[in-house]
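Protein chains in written order, with this note's numbering: chain C, 37 to 452; chain B, 37 to 452.
Because the hints were derived from the structure by calculation, they are not lab data.
One or more of the hints may lead you astray.
No copy is singled out in the list; a pair is fine if it fits within one copy or between any two copies.
Unchecked claim - Restricting the straight-line Cα-Cα distance to at most 25 Å, the calculated cross-link-like pairs of lysine-lysine (PhoX-like) are: (1) K136 / K270; (2) K124 / K211; (3) K141 / K392; (4) K123 / K152; (5) K304 / K392.
Protein chains: 2
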Amino acid sequence: MRVEIITIGNEVISGHTADTNAALLSHAVFSQGAEITRVVSVGDEVETIVEALHEAIARADLILVTGGLGPTPDDRTAEAAARALGKKLTLHKEYLEILKERFRKWHLTFTPSDEKVAYIPEGAVPLPNPVGMCGFRLDEGSKNIFFFPGVPREVKELVQEALIPFLRAKIRGGKEIVRSALLKVFGPTESGIKEILHGIQDDIELAYLPSFPEIHLRVVARGVEAKEVEARLKRCEDEIAERLGVYLFGTGDEVMEGVAGRLLREKKSTIAVAESCTGGLIAHRITEVSGSSAYFLQGVVAYSNQAKEQLLGVSQSTLERFGPVSKEIAHHMAQGVREGSGATLGVATTGIAGPKGGTSITPVGRVFIALAAEDMVEVKKYDFFGDRHQVKLMASEVALDRVRRYLIGQSAYSKP
Amino acid sequence: MRVEIITIGNEVISGHTADTNAALLSHAVFSQGAEITRVVSVGDEVETIVEALHEAIARADLILVTGGLGPTPDDRTAEAAARALGKKLTLHKEYLEILKERFRKWHLTFTPSDEKVAYIPEGAVPLPNPVGMCGFRLDEGSKNIFFFPGVPREVKELVQEALIPFLRAKIRGGKEIVRSALLKVFGPTESGIKEILHGIQDDIELAYLPSFPEIHLRVVARGVEAKEVEARLKRCEDEIAERLGVYLFGTGDEVMEGVAGRLLREKKSTIAVAESCTGGLIAHRITEVSGSSAYFLQGVVAYSNQAKEQLLGVSQSTLERFGPVSKEIAHHMAQGVREGSGATLGVATTGIAGPKGGTSITPVGRVFIALAAEDMVEVKKYDFFGDRHQVKLMASEVALDRVRRYLIGQSAYSKP
C-alpha cells in the first residue's frame, strides 16, 4: 500500500510551523505497519491543492490530507477536493447539525460563515471529532482520501477515531501481516550502532531514524501468518536489546524524561536539579511528563555565582578557587540541591553553552555533569559539539540518561 | 520564480525528525522576496528521488534539495541526481582535495568510503562548506538545482555562503524588485488581527503565518523601482505597527525571549524567575539567548510546597490558606524570587498544566502569573486551552510578554 501525505497551509511551506501533522500521521501509519512514501506541503491556493491531489491520486492508494477545512476564506481544501475529483460541493445536513450542536455545547455563536465548513464534496463521509473540527473521507475507486483539519490536537483525535481503525481493517483485510516496533537508542553514533548490530537476522527490515541527540530504530516484520510474524519480530527485538544493552533506553512512545520518571516512581525516589548551562531545560523536560510532581521536587537555575552560593550553598572561595565551570562546582551543586531539597537524587550541570564565553582552557561545549545520591557523587566531563541549543539539549539528555542508568544500576561509564 | 524544496531521508517521512531544513530554506528564500510553492519529502530510495526530481524540474525554476550526500550506502542523492538528469557520476578531483584537507584539519581518518562523497554528476559545481559536508549545484537549461547535505547546521552555512548570494543575483538580475518583512504578533487571534488590519493598503501582499502561540505576518511589496518598493513596504510596516501597537513584539529573526532580553539589557535591569506549572520553560527560553547571563540571575522551579517555602520564602500558612494555585501564591513567589536574588524584576507562574490535577474550582489550564518590580506586584489569572505542553508554552509566552510590556511602559491590561 502506497500512502502519501499532503499538508496544506502557507504557514507550513513558509517554514513558520513545524509540520507536526505530517509527523503525527506518519507515526500512525507506521504503527499499523504501512509506510509513507511521500510528504508534500503546498500553500493555500486551490490550483496548487488540486494539482497535488491529482498527482497523489495517480501514485498512491491512500492519501492523508491536513489543513484548510476551516470557515475562513483561506480555507479552500474542500473546494479543491471537489474540483480534483469532479464532484459538486454540497451542504451535508447531518454534518451541519453536528457542527451546530458543538457550537451550542461550547457556548460559541454559529455564524453564517461557519456553515461553509459543512459544504463537502458529494459522496464524502464526515469524520466526527469529539474535540474540534471534523474531517471527511472520500473514496475514488479503490483509493481512499482522508481530509483532516489543520490543528494537530484535532488531527490526533481523528487519527485515533478514524484512521487507525481504517488502517487496521484495510491491512488485516489484505493478505500481508505487518508488525513493527520502534526502539530508541542514546549513546553510540549511527555507524556505531550499525557495527554493534552487524550480521543481525536478515528476515526483518531495520531502518535508522536519527532524532538528535538520539537514534531510533524501526524494526518491521512481514509475513502471512500473524503468530509467526510476531514471534520473528520479538526474536529480533530481543537480539537488538541484548546487543545494545544499556544504550537502548525505550520503545514506542517513550521519551528519555519519561523513562527516567518511570524509574524514579518505581524506585520511590525523588529528584532535584541544579542547572547552570542547561538553563532550566532539564527541569522543563522532566515536567513535560504528566504526573512528574510525584517525584520532581525542585529545580534551581543558578546562572549567577550569587545564585550558586545562595541557593546551593556553594561557597565563594570554592567558586574562586576552581571557577564556575569545573568538576568541583558541579559536585557541590548536585550535592547542594540534593541536600537542600531532601531528594533521593541531585543532578547538576555547569558548562559553556556558547557561542561566546569559551576560553582556551574551557572551550565552548565543555560541560560538567554531576549526579549525587546518598552514597556517592559522580562527576563527568563532556565536550559537546554544535550550537547553543544543541549543547543545552545534549547536556540535558546526558543528565537524564545518567539518572536512568543509575536507577537501573548501570554506571555512566559502563558499556553493554 | 517557482521554487520547490525536496527533503530526502527516511527519518523525515517517518515523522522522526522535524523538517528543520525545509524551514531553513523557506526562510532564506522568503528573505530574498521569492516564494516556496511546494515542499516534497521522500525516503532514501533512488527511484523515488529520481521521480521527485523529474516532477520538480517540470514545474519549478529553482529546486533546493537536502539530504543523502554522505558516505554511507543509504546516501544516494548524487546517484539519483545523475540519473534524473542523464549525467554520469564522476570523481571531482578538486572536491576530493577539499575533502581530504578537511579531514586532515579535523584529525579524522579519510577512508576509501569517504571518497564516494566526491563523486558528483558531471558538470556539477561543488559548494564548499567551512563547517562540514559540501553540497553542489547543477544547472539544467535555465533551471538551477542546489543539493545540500542533511545536517541543518551545514545547510545553514551553505544557505549563507551559496544560496543567498545566488538568489540576490538572480532576483536583482531580473526586472522585479521584491522586498519583504516579517512582523511578529502576540495577543489577538488571527481573526482579531484581521479585524484590526481591516482596509489596510492593498498595494502589498499580506500573509498570516500562525506559529503557536504567536501569529506572524509576512508583508511583501513588489515593483520595478527599488526605492519606491522599499518606501511602500516601510509605509505599510509603519501602519501595521501603528494599528497593532503593543501586540507587535518583534520583526524578522526576533523571538519573544530575545526581545525581552534586549529590553532588560537596555534598561540595565536583571530578572529572576520562580516557576511552578511552567516547570523551567521560562528559564530555558531566557537562556536560549546568547548573552543572557548578563541579565538572568536565577530561576527556581518550585514544584513542591516545600520548595516554595524554602527557596522563595512562601510561608506554609499562606500555602494552606490560599492553596498553591492562587493569586496570593503567585504574588509571593514573584516577590520572593525578586528579593532573594536582588533582581530588578521577578516573574512567577503557578497553575495546572494538566491533563490531570484539575478540580471544579481550579480547572486544567488555570494559571496565575505574577510580575514583581520595585514598586509593584501585578498578578493576573489566565485560563489556557490545550494539552500540557501547550499550557506550559502559552504561560511562558505570556510571562515573557508581561516582562516586555512592563519594560516598554505598557501594562498587561493595556490595549493598543
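Verification of the supplied hints:
1. K136 / K270: neither (48 Å within a copy, 44 Å between copies)
2. K124 / K211: neither (36 Å within a copy, 41 Å between copies)
3. K141 / K392: So K141 and K392 pass the 25 Å test across copies only (22 Å; inside, 54 Å).
4. K123 / K152: Classified as within; 16 Å inside a copy, 51 Å across copies.
5. K304 / K392: Between copies only: 20 Å across chains, 41 Å inside a chain, cut-off 25 Å.
In summary, the structure is inconsistent with hints 1 and 2 from the numbered list given earlier, while agreeing with the others.
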